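**Q** Using the sequences and the hints given, assemble the complete structure.
Next come the chains, spelled out residue by residue.
Number of protein chains: 4
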Amino acid sequence: MEIMMQIPDLTVKHLGAPTIPSPLTGVKFIPENATVIYAKDVNEVEEELKNTGKISAFEAAGPREKIYHDPSWTHAAILTAGGLCPGLNDVIKGLTRTLMLRYNVPIVFGIRYGYQGLNPAFGYEPMLLTPDSVDSIHEDGGTVLGSSRGRQDETIMVETLKRMNIKLLFCIGGDGTLRCAHDIALEVERRGLNISVIGIPKTIDNDINYIDKTFGFETAVYATGPVISAAHNEAKGAPNGIGLIHVMGRDSGFIAAYATLANTHVNYCLIPEDPFSLYDGEHALLPSLERRLKLRKHAVIIVSEGAGQHLFKEDSEKRDKSGNKLHHNIGEFLRDTITSWGKESNIDLTVKYFDPSYLIRSLPSNGTDSVFCEMLAQHAVHCAMAGCTDVVIGHWNDRFTYVPIPVATSSRKKVDIESGLWDSVKSATWKY
Amino acid sequence: MEIMMQIPDLTVKHLGAPTIPSPLTGVKFIPENATVIYAKDVNEVEEELKNTGKISAFEAAGPREKIYHDPSWTHAAILTAGGLCPGLNDVIKGLTRTLMLRYNVPIVFGIRYGYQGLNPAFGYEPMLLTPDSVDSIHEDGGTVLGSSRGRQDETIMVETLKRMNIKLLFCIGGDGTLRCAHDIALEVERRGLNISVIGIPKTIDNDINYIDKTFGFETAVYATGPVISAAHNEAKGAPNGIGLIHVMGRDSGFIAAYATLANTHVNYCLIPEDPFSLYDGEHALLPSLERRLKLRKHAVIIVSEGAGQHLFKEDSEKRDKSGNKLHHNIGEFLRDTITSWGKESNIDLTVKYFDPSYLIRSLPSNGTDSVFCEMLAQHAVHCAMAGCTDVVIGHWNDRFTYVPIPVATSSRKKVDIESGLWDSVKSATWKY
Amino acid sequence: MEIMMQIPDLTVKHLGAPTIPSPLTGVKFIPENATVIYAKDVNEVEEELKNTGKISAFEAAGPREKIYHDPSWTHAAILTAGGLCPGLNDVIKGLTRTLMLRYNVPIVFGIRYGYQGLNPAFGYEPMLLTPDSVDSIHEDGGTVLGSSRGRQDETIMVETLKRMNIKLLFCIGGDGTLRCAHDIALEVERRGLNISVIGIPKTIDNDINYIDKTFGFETAVYATGPVISAAHNEAKGAPNGIGLIHVMGRDSGFIAAYATLANTHVNYCLIPEDPFSLYDGEHALLPSLERRLKLRKHAVIIVSEGAGQHLFKEDSEKRDKSGNKLHHNIGEFLRDTITSWGKESNIDLTVKYFDPSYLIRSLPSNGTDSVFCEMLAQHAVHCAMAGCTDVVIGHWNDRFTYVPIPVATSSRKKVDIESGLWDSVKSATWKY
Amino acid sequence: MEIMMQIPDLTVKHLGAPTIPSPLTGVKFIPENATVIYAKDVNEVEEELKNTGKISAFEAAGPREKIYHDPSWTHAAILTAGGLCPGLNDVIKGLTRTLMLRYNVPIVFGIRYGYQGLNPAFGYEPMLLTPDSVDSIHEDGGTVLGSSRGRQDETIMVETLKRMNIKLLFCIGGDGTLRCAHDIALEVERRGLNISVIGIPKTIDNDINYIDKTFGFETAVYATGPVISAAHNEAKGAPNGIGLIHVMGRDSGFIAAYATLANTHVNYCLIPEDPFSLYDGEHALLPSLERRLKLRKHAVIIVSEGAGQHLFKEDSEKRDKSGNKLHHNIGEFLRDTITSWGKESNIDLTVKYFDPSYLIRSLPSNGTDSVFCEMLAQHAVHCAMAGCTDVVIGHWNDRFTYVPIPVATSSRKKVDIESGLWDSVKSATWKY
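Those sequence lines, one after another, are chains A, B, P and H.
The first sequence begins at 1 in UniProt numbering and counts up by one.
The second sequence begins at 1 in UniProt numbering and counts up by one.
The third sequence begins at 1 in UniProt numbering and counts up by one.
The fourth sequence begins at 1 in UniProt numbering and counts up by one.
Worth flagging that the hints you see were computed from the coordinates, not collected in a lab.
It cannot be assumed that every hint is accurate.
The list cannot tell twin chains apart, which means a pair is met if one copy fits it or any two copies do.
To be verified - Computed cross-link-like contacts, SDA-like style, restricted to lysine to any residue with a CA-CA straight-line distance of at most 25 angstroms:
| hint | residue 1 | residue 2 |
| --- | --- | --- |
| 1 | K50 | N33 |
| 2 | K54 | I7 |
| 3 | K431 | D135 |
| 4 | K413 | D398 |
| 5 | K213 | I30 |
Keep in mind that this is a model prediction, so the values were computed, not measured.
**A** If you want it as structure tokens, here you go:
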């Protein structure tokens, strides 16, 4: 069971012992030692027990009977960084309400435009958030705080936190944002300050390690449904019509894979984790497409932005402000390649190209995705008030968990091409 | 850990040893002994180990290397029974395609109108399902097979199965449907036949035991979003406006609870599990409502159909054809009671009443709910081909599982009012 | 041409001669005598010319080169009364922005809760509306001003207008609201004040005379689409399933008729203008339903709230606060009657009942309906600034018009059962 | 009144005198000489009467008491050509049902893939359409018949019509399609055949002359709403964020103009009819954008594909298969230009680019747009059965009309930048 060997230390940092009685009433507090087991199979647990004498588990999230921060002396701050994601405003609303209405925290700042708002050089005044001012923001996509990419110097930012007397900092963002939050937590530690730095993982790609679900992903998958139907309609609307859809997914193909299962009009699902060839080999795309067009006269293809990078001769060296590598545009490449191939092969085909990226991420969240945001926000507040720091709120085995930031950002989650998920995608796109 | 003591026997019945090589290719088969641990907390596992020497777990779902039914001799049948639920057609499509395209099962019957279709007295001809005929059905709500409530004599139905040479029967339905499937499985056993009876749990209320998630629930929650926004708009549109929403949930308040967290414009969430009083006591509804109207001039209330039944003098004795107790209509009762109370209390209020029930359940499923349906269907086929019987396909700890039908139907899942879920609802509806 | 004889006097009242140059720039002003011809057929025009020497026409709406009110001295007020309707907030936004940004009107009040807000006895402070405060309100249903039913004493209200120095009053509402606006205009005239009273017709039933289109109707029709699909899914989901939909339409069946054509899954469309019998006669509902169930095993019925009132023995005498007669509930009556008839006739049928009323009217407007709201609002401001009064903004022949309030409220528009519209409905619901 | 002088001859061609009694029952037939007046203003009519002694008008659409084609001998065919448009399937359903159920036409062919389906060289078998086969197609976008661009030789196509004994040909398409339909009608005339060729105008750009409304446009405008909200969210989500939306509109800016009024978050609306400069002049885009970013820190821009072509140095010579000129991509040009300008001007801005084209046109139609499709289809059948030919079904003054094909295709309708529509757009995007 080599996989077991790799479980990192899941212990969460605390600023100090929680000694203040929680002001929450009418709630069943979570025991201090509550956990969520990492392993899912009995064999794995037995193996780990045999080898190490213990069972790896996350610290379980939830309200504690004793807290660390005294609410009446506590100022909190919230920031959103990186690209938009459905649910940002739900999280901001949930944080604000839980802090002010349940814990009686008197001041909640909304930091403008990500980490820029913690650098006085930019001159962005923070907003004052109240239950009233956030009452309807969950109905809107985007973020009322604004966002920005990239980081700022942590010494400057910690200075700002100190000056504003902020004891709880909530950073909602992806990999880069969380790494910067970790640096803030280290700087806080260096200075011996008692500021809890809590990460709330935002990745529309659902690719954060040790966390089985992140907010916004569900709404993003939902939003691909009509795009796939549109592509299918266009594909069927012309002889040998091909609907080609380019979706987000820089390093992992979760959106493409889920979208395929969510609207099973997709015939080809191309993701970074499962490289494909165009012309040669058993599963080459174009010969398969030719067979399909002969049988069905139309096809729908979905492709992750990170897929097929091996098809480009030169490696892309460009990066965005968050340090993410900018990929070659595989969607436009496939559109042009299929069109040329059609001409060369004398197949009178047309490619209709769809690139819905921003449309999907700037929606408000909905349904159970919003439920997730609300609960995530509440748990982030419980976590912060208990004095945890350098931690992100995770989710595992249907429960909320605490995950050390370095664990969550150690590497990106990928679609396991030997998993049931990928087998299901292959089954749903079976060619006949 | 008394909760541990109650874990029932989770062993699944098999018709016989699987000896036929699976026709699936390019797939990583699930080991025979793969499991999904029932417990979530390390303490629970350690306690169970200490007491019983074992760790309770579900049999993990997934394709097996050896199967029991020889595909070329296998006929399959699918039926849907009980009320509509988003995703029925996705499941039918997924079953048909997986049976025919991956396992090469030659014949898949669609049984019309639930168990009535297995009773020749009704004269409903079965439909022949093919990948082509089901190609677009996932885009539509309802069920292409039709449904009906109530059961038929299992001896007659097994006779029909035998006559039609059906070896795999998939019954998609709720409690009543699954109990009847169990009776069919017993009759099959009595006669020594080799028919796999597989239940696919359908409950829009998400209230099946030992299964953490059922299809359609997510879409149902999603569909309540606009209704709550509408109720909120109506409430704010008049002085002392009250938007009152009546949602499904006969015995459990999951839809109401999730809907509240999904669109946090709700101020009161009333569910069967947490009885409330109208006039007296600390948390009585009407005095609280009066306070809120004074502060905010509007309110939104959501109520499960099974809530507040204790407020009616006489117990309802009526039952529907599925044997479910018909409740008093708490929605209309509250509408009238609040209106009268307003008049008596000289509060010039108006109640706008919403009862969206059928609107929510007759939608097509969407997004990750459709993903769930597709995977559920595939797993049901893997389960059936492996020769399991008297089993439902469950979901636990982010994995698909097998659950013996009697375990799944032993009692209904309820909202635990000491849980994090209910605490979150109370937090989101905090009065100030 | 007796229809011609009935054209009322379409002359609009003006407070006085417009003498102030319009502050608008870059706009082609509408000539003073611009008109929109009432008749549509050449024969009608020739007949009218022969008989009267003139051609009846509405005054055309649009910006005039000279205006009556001096913007810098002008305060404006907006109120919404009666039930909600999609687009109220669009109209409020359009009015506010056009007044302040184009005409430089310095103060725009939002009157709270309809005419109650003009009666100091209720104590509702007006809101100050600005381009910023209305910037995003068009995204929400309902009305940010609140609404109420019923009227207040016009002498009190005119006193309030005088005290607040309001020169432009915009009343957004239906029949009752417009009649009250007319009374205010008369009171203003009696007192010799120079206040323009402008009605903006709101009727989700689209039943205002001499106006071919009112805002919100299009969104309401759009919103019935998914309800009809849901009813159709439910109907097909059970043997002899009947989906029955009850929609708004107190006196006229426009919503039901349009909904039928908008989603042609409807098989029976019942409206007030075309009385139907249940049991006897050539087109009786129940025998026809029996024939349809035999052929197709399901049916979808849509019924206006004002339809079939002749089937009740006693006349309803109840009225709502706006003075509208409260009808017997034909939807519930049909549901119960069809269910009983099924039992008596030994047809094993089920009726699934849908009553989406508030759901439809509390939506935000969308698409071309929002376009209509924005243009309507702009024209209302042009009309008011030009010094017109006692007038509503209408629409005819694809242009905006001015209609004297008494003309618009003289009687309600009905579905002409000899028209192309009703013939189209009959064609779309043809039984075979 | 020079505008009057330009009214072309609106007389419609007929194959011969209608002598057969219509089989329609329960319908009020339209008089033979029913008309819809072209002019809207009394002055225009009086001027025309003075100058010419007559009033120009369209022939009114509607069922006639006598028809030309004997239904029992009549075969009909329907084809769709050019790009997709919401509502194609509604029209196909409406045509099929009206032909078969009301006129008892025995055979309705669905021609595959536009005019290619009338050329035997392509080998596309026609579909047989029946009320059953079209029952649910209105729920789907696209066209069940398939479409293609370009024309075929009319002598070959008329040969096919003759061979298939088709007497009624319905061609649903845009400019190019209608011109080809005209050529078919001429060829039919040359050969002395009695085939009615009826055009049904399809242009998502709503740019057909002498027709005030075409199907699909309303749904297209509706579909831009969420895109504009998304662009607005993205714009507000970053410092100096700019949401840039590229929409259809090759020669006319109706979609952009209506979209702006439909979701008034748009700040700049750029259309072909109102050329703009980038850097210099009073209304230059970039200086204005700079002012707005200073004040509001975000902006939303919508641009028609045909706008700003004067900004490109070289004229585009490319054309698509329908002969439409392929424009330079103004959307991508603006995206890049604004980004560069930002860098040069030291404004730290980000442009988020949206190009939703196919997403908008492949939707199913909804609401009143579907109503329009159903009525349009019915009128097309009435028109065909009456023996008209070389005619399109138009709409004017809230009524359906007949328009000779050459009149409808003589030139394209444009946004009149002196009209109320464009003034409204300017008002809604007023900068302050």
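**Q** Run every hint past the structure and note whether it holds.
**A** Against the structure, the hints:
1. K50 x N33: both (22 angstroms within a copy, 18 angstroms between copies)
2. K54 x I7: Intra 12 angstroms, inter 23 angstroms, cutoff 25 angstroms: intra and inter.
3. K431 x D135: between (49 angstroms within a copy, 13 angstroms between copies)
4. K413 x D398: both (18 angstroms within a copy, 15 angstroms between copies)
5. K213 x I30: So K213 and I30 pass the 25 angstroms test inside a copy (22 angstroms) and across (23 angstroms) alike.
When held up to the earlier numbered hints, the structure conflicts with none and fits them all.
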